[in-house]
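Asks: Those protein sequence lines, which keep their order, are chains A and B. So that you can map any letter, position 252 of the first sequence is 255 in the working numbering, and since no number is skipped, the others follow by simple counting. So that you can map any letter, position 1 of the second sequence is -3 in the working numbering, and since no number is skipped, the others follow by simple counting.
Calculated from the structure, these hints are not laboratory results. The structure presented is a predicted model; accordingly, all values stated were derived computationally and were not measured. Careful: at least some of the hints might be erroneous.
Here are some chain A residues pointing at chain B (derived, C-beta under 8 Å) [said to hold, decoys possible]: (1) ASN68; (2) TYR90; (3) GLY94; (4) ARG98; (5) VAL106; (6) GLY129; (7) HIS131; (8) PRO173; (9) VAL248; (10) ALA291; (11) GLY295.
Glycine included, each C-beta is placed from N, C-alpha and C at the ideal position.
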Amino acid sequence: MSPDKHDTGEAPVLNRGVASRLDEVADSGLLDYRSEALPTWCPGCGYYGITHALAGALVELGIENENLVVVSGIGCAGRYPFFLKGYGFHGVHGRALPLAGGVKIARPELTVLVVGGDGDGLGIGGGHLPHAIRRNIDVTYILFDNGISGLTKGQSSPTTPQGQRTGTHPWGNPDTPLDPVVLGLGYRASFLATGFAGDPDQLAGIFTRALAHRGFSFVPIVTPCVTFDAVNITWDRMREGWQPVPEDHDPNDLSAALALALDENRYYGVLYEETDRPTFADAQAGIADRAGAAVS
Amino acid sequence: MTTADTNTPPGTDAVDSIDVIIRICGAAGDGSLATGAFLNQAAARMGYHIMNIDLYPAEIRGFGKSVAHLRISDRPVHTPGVRADCLVALNDPHAITELDTLAEGAVVLYDSNPPVYWEEDKAIAGFIEPGMIGYGVPLGELSTRATRSARSRNIVALGSLSGIFRIDPGALTEGIGTRFGRKSAELAESNLQAFNLGREYALEHLEKADPIDFRDRVPGEREGVVVASGNQGAARACLDAGLRLYAGYPITPATRIMEILARELPGRGGVVIQTEDEISAIGHAIGAGFTGRRAATATSGPGLALMTEFLGLAVMAEVPVVVINGQRGGPSTGLPTKTEQSDLFLAVFGGSGDSPRPVLAPADVSEVYSLTATAFEIAEAFQTPVIVLLDLFICNRTEDVNWSEVDRDTWGQYEDLQAAPDGEDSGYRRFTLTDSGVSPRTIPGVPGGYHAVTGLEHNEQGLPDYTPENHLRMTQKRYRKMASLLERWPDPEPEGDEGAVEVGIVSWGTGIGSAREAMLALQEQGVSCAGFFPRLIWPLNADRLKEFATRCERVIVAESNFSGQFAGMVEQALGAPVVRVTGVPAEPLDPATIIAAAGGRS
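The shape of chain A in the complex, shown without the other chains (with noise of 0.2 Å):
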């Protein structure tokens, strides 16, 4: 459903409960960032979570909304910019880095936040996720990892696990899911952290991190499809295995963080974040410099 359908004008009639729940959400400054429209994410969907705990994260930044724009690709999380008040960028299939690079270098002031799902940023958009990470792009990317093509109504995405019976696999799933965590630390993402949904104030937290780096900033974030998959990322399964980051781990030290994500259990928090690496706008002032010095 189009979320100006929504927008009869009319208010919606709530008990006194919600009401006071309301005025409370109100106080507090996330509403400054709903724009008017309505999501369309299914009743009990993750992604109402994440989305709460992003605006927290917003509130406790200071972020204007003029100064802030959201890019995404195609699929379920792809239309968070249009519930969002500030610019977005919804834009095509597995392409969100490349215009959110063009939008940071263009603009360095602005806040850039990305968001998109597995099969957007893993499966067709996966060739981009390197580029973006080696060249430290002050950009945050918020990958909502459900393990399913949800928008097109329940198809493999490249995280099912393997055997998962879904619509284009039926039969079960015959290849083994990629593992994002994994895959950032490899490519050597300055900051990577993870979570899962359901628990806002954790994701606040985690998120607030992540757009304070000054680089890259990748955030896989477990989050559950409850239309169409009801045997792998459950709310029931969601906390299973699931474990603080320990007190004594060095975010420094990627091979700590390599075998936390190797481990049998997850481990939510930053697992990994580089201080120290000069982002891409770092270098393009020495470029800058050296090739004004030639001009001159």
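Got chain A sorted already, so can you dock chain B onto it with the hints?
Replies: For chain B alone, kept in the frame of chain A given last:
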């Protein structure tokens, strides 16, 4: 050439005029292209018009043939010409294969004691037939005497050319001195020595049997004239138009644009990014265009094919971006170092859905500059991707140009909205319907102008809306922008004879030079002839085209592709068939094919 000039239309007064075609042929690495460049520069400095096209294989080394083809004339040059008046052989086995490109009575300058690399190598001296004039010069020996190596055989040959054709050595030696002087004074000195030895040998030992004498006509220095290629013109336009982001992936023949910008743009406040592929290149450019900064990419057919999905997005989301496409032979990887005009349909129609976008095609190097600069104005004023359609021929060829005389239409700066039109929280409508189709735009950083653009069909607010009424309204809006552009664009002025004519020639891009030369030749033969050469080839000005066609007995559409792509578009506009002159010779269109189609003598 002073008499019996094969490149001059019959019947013209050829006395005391210079119009000479020289081909310098060697193996890759012999310096044939550098020799051509020295000669071009010097001729342009002396006031001649020049056109030069380098022909080389896709492979870097090995045994590939490199040919510098240049035409020097005291009149404006429209094409590089076909039949050469002089062949310089720096590698005999390769040069032998060039002998059939020569005009009657052509000069062949060769090494009288050529190096032999393979036992089966043949010396070109044995192939000089009646109807050719052979001049043997000991290029290798003189080179060794001057520079203690055979590497300056090409400079010796240049000196000999200067002697044979009585070309004032001043401009040539100045060029050699400057070029080698950058490396060392010693190198400059020894190469000048090589030049002088070649020149003196020609003057003292060769019995002049050809009629070419540059002293017949020396136009005199023209202030501000330089030699430049289409790629240089495109890069210069990007710089002058205020480009902020160039994103590209290397591909022949467009790479040079990126290399020039990579050197020049960062010192002028812009950024060049080398992306992982062409998709990412146009993606970055569109991202920058969305933020209100001028952005461009340049590519060739295979890259443009990859970019089509993003082009559609820029049409749908109404984002300004300039895409320069240097066509080469296709389909697929095709003929990477050969020219062709076969990406027209891809540029105009490529992609999904009804996706209108302006396409410009310049006819010469000066126009590459002016139209590329104008592309940025169109992109911004109409919030649209704009394609500048070049081809390998115009990308790589050099001409004499005077940048200060080339107009750059600035259209009056387009201004993005600096504030939401009705204040903050007023529900700004990014895609407001207007008569022109253009909606006032805010860019990131403007409070209250919030919106999301999308590749989905959307309503005025920018939110997805798939109702048929909305889709129709928005499609009409996008096409209305093309109509508005056509109103803003100056009508194409037909060339040639006025009133009713026997032959009307329609062409585009580099075909225009060939068409123009054919038109002039036909006029000389007494055939009334006019030309219609639009530079904005999409949207096409069908009204002016129809007006033109109604006064032509026969309409010929000439272009360098097999299927007659532009002819198809012209036929659609006219609702009537045309005579198609097409071809994929991997070379610029030969005017003779057009003359033949018009019933003239070639």
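Asks: Now tell me if each hint is right for this structure.
Replies: Now the hints, each set against the structure:
1. For ASN68 of chain A, the shortest C-beta to C-beta distance to chain B is roughly 6 Å, which falls under 8 Å, so the interface hint holds.
2. At its closest, the beta carbon of TYR90 of chain A sits 4 Å from a beta carbon of chain B; the interface hint therefore holds under the 8 Å criterion.
3. Satisfaction of the interface hint for GLY94 of chain A is found here, the shortest Cβ-Cβ separation to chain B being roughly 6 Å, below the 8 Å cut-off.
4. This hint holds: ARG98 of chain A has a C-beta 5 Å from the nearest C-beta of chain B, less than the 8 Å allowed.
5. Restraint check, VAL106 of chain A versus chain B: the minimum CB separation of about 4 Å is within 8 Å; hint holds.
6. Restraint check, GLY129 of chain A versus chain B: the minimum CB separation of about 11 Å is more than 8 Å; hint violated.
7. The interface hint given for HIS131 of chain A holds, since its Cβ lies 6 Å from the closest Cβ of chain B, which is under the 8 Å cut-off.
8. Contact between PRO173 of chain A and chain B, as hinted, is not supported at the beta carbon level, the nearest pair being about 29 Å apart and thus beyond 8 Å.
9. Below 8 Å, beta-carbon pairs count as interface contacts, and VAL248 of chain A has none with chain B, the closest being about 31 Å; its hint is therefore violated.
10. A cut of 8 Å between beta carbons decides the hint on ALA291 of chain A: the least distance to chain B is about 5 Å, and the hint holds.
11. At a threshold of 8 Å, the smallest CB-CB gap from GLY295 of chain A to chain B is about 4 Å, leaving the interface hint in force.
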